[in-house]
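**Student:** Sequence:
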Amino acid sequence: MATVFGSQQPFVDRRARGTDSEYDGPNRRQFSNSYNSARPEVNELAAAIDQYKMRHRRRFITYEELYDVIAELGYNK
1319 MATVFGSQQP FVDRRARGTD SEYDGPNRRQ FSNSYNSARP EVNELAAAID QYKMRHRRRF
1379 ITYEELYDVI AELGYNK
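Going by my numbering, the sequence shown opens with residue 1319, and the numbers climb by one from there.
Keep in mind that the hints were calculated from the coordinates and are not lab data. Warning: the hint list may mix true and false statements.
The calculated label-pair distances, taken between Cβ atoms and stated as ranges, are [as the list claims (entries may be wrong)]: (1) L1384 to N1354: 18 to 24 Å; (2) A1356 to T1380: 42 to 48 Å; (3) F1378 to Q1327: 33 to 39 Å.
Given the structure is predicted, the values throughout are model-derived calculations rather than measurements. Ideal Cβ positions, reconstructed from N, Cα and C, are used throughout, including at glycine.
Let's have the full structure, built from the sequences with the hints guiding it.
**Tutor:** In structure tokens, the structure reads:
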């Protein structure tokens, strides 16, 4: 068994405890519970960005992708 940096304590791999299918708690990658803006249009944009991220399996988006999300909401220059 591997030890932690030469110590005598065994390394415990927490990733091996279970699978994602067993976990029923909130998904840390989603930010839907942080929509606390007083402006509904800001909340709408945040929700649209999260939907885009989930649809395209992206954690971060580029400025071009952000522009696409804004354009999908009907904004134009």
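**Student:** With 18 to 24 Å as the target window, see if L1384 and N1354 comply at their CB atoms.
**Tutor:** 21 Å, holds
**Student:** Go ahead and decide if the range 33 to 39 Å is satisfied by the Cβ distance of F1378 to Q1327.
**Tutor:** 36 Å, holds
**Student:** Okay, A1356 versus T1380 on CB: inside 42 to 48 Å?
**Tutor:** At roughly 28 Å between Cβ atoms, T1380 and A1356 fall outside 42 to 48 Å, so the hint is violated.
Consistency note: the structure conflicts with earlier hint 2 alone.
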